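Chemist: This is what each chain is made of:
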Amino acid sequence: DAGVTQSPTHLIKTRGQQVTLRCSPKSGHDTVSWYQQALGQGPQFIFQYYEEEERQRGNFPDRFSGHQFPNYSSELNVNALLLGDSALYLCASSRRTGGRYSNQPQHFGDGTRLSIL
Amino acid sequence: KQEVTQIPAALSVPEGENLVLNCSFTDSAIYNLQWFRQDPGKGLTSLLLIQSSQREQTSGRLNASLDKSSGRSTLYIAASQPGDSATYLCAANLSNDYKLSFGAGTTVTVRA
Numbered sequence: 001d002a003g004v005t006q007s008p009t010h011l012i013k014t015r016g017q018q019v020t021l022r023c024s025p026k027s028g029h030d031t032v033s034w035y036q037q038a039l040g041q042g043p044q045f046i047f048q049y050y051e052e053e054e055r056q057r058g059n060f061p062d063r064f065s066g067h068q069f070p071n072y073s074s075e076l077n078v079n080a081l082l083l084g085d086s087a088l089y090l091c092a093s094s095r096r097t098g099g100r101y102s103n104q105p106q107h108f109g110d111g112t113r114l115s116i117l
Numbered sequence: 118k119q120e121v122t123q124i125p126a127a128l129s130v131p132e133g134e135n136l137v138l139n140c141s142f143t144d145s146a147i148y149n150l151q152w153f154r155q156d157p158g159k160g161l162t163s164l165l166l167i168q169s170s171q172r173e174q175t176s177g178r179l180n181a182s183l184d185k186s187s188g189r190s191t192l193y194i195a196a197s198q199p200g201d202s203a204t205y206l207c208a209a210n211l212s213n214d215y216k217l218s219f220g221a222g223t224t225v226t227v228r229a
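Note that the protein sequences, when read in sequence, are chains H and G. Residue 1 is where the first sequence starts when you use our numbering, and the numbers rise one by one after that. Residue 118 is where the second sequence starts when you use our numbering, and the numbers rise one by one after that.
Take the hints with a grain of salt, since some may be wrong.
Said to hold, decoys possible - Mimicking EDC-like on lysine to aspartate or glutamate, the simulated pairs with C-alpha atoms at most 20 Å apart in a straight line are:
no., chain 1, residue 1, chain 2, residue 2
1, G, Lys-159, H, Asp-85
2, G, Lys-185, G, Asp-144
3, H, Lys-26, H, Glu-54
4, G, Lys-185, G, Asp-214
5, G, Lys-159, H, Asp-62
Bear in mind the hints are in silico, worked out from the structure with no lab data behind them. As the structure is a prediction and not an experimental result, all values here were calculated from the model.
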């Protein structure tokens, strides 16, 4: 049973460039969330996708955008990269169980390490 | 806004000692609380999920408790081993929220 997979594992970009990160959720999961984790800190919520729509967004600028595909996989796009965008980007998936808010554990991938030069 | 705090930031213990990791949260209206393990440069591995209606959850050597009234959760790891060395993060999910609010983690070193 494949878990959450993310690609690429590492990425180096320069300021002003654009980047796309990809995530395939765990089998049976339909909800995907993205988090940013700076060194030495806990992950910060970027947004969550369900049924191909952004369901909730954290405190991140519009440079951060996403998409969810019919097969539940997801992409995170970041435009006009800044030095401060250097971080580990984590994707998490979960399964909606009928209630409005899922009471199922979220499962994380190994992340994409993004370095901005 | 949910604030989650983990103290201490780092902990070093000899092998065999029991570990006690603390997590505090400011909003008692949580839906559930999840504990994760993170190895250096890696993603998060889910350890335990405690629903708001539960007081504790156990898996092998791990036991997590939840006290909503005091805004605390504790992760106990019995008979620690060098392989338990990692950063442990707790994350709270509020009742009217989709996101997880994380603490900064406690980095544990178990000395052989």
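Chemist: Next, verify each hint and record whether it holds.
Modeler: Hints and how they fare:
no. : hint                   : result
1   : Lys-159/G to Asp-85/H  : holds, 18 Å
2   : Lys-185/G to Asp-144/G : holds, 9 Å
3   : Lys-26/H to Glu-54/H   : holds, 19 Å
4   : Lys-185/G to Asp-214/G : holds, 17 Å
5   : Lys-159/G to Asp-62/H  : violated, 27 Å
In the structure shown, a violation is registered for the earlier hint numbered 5 alone.
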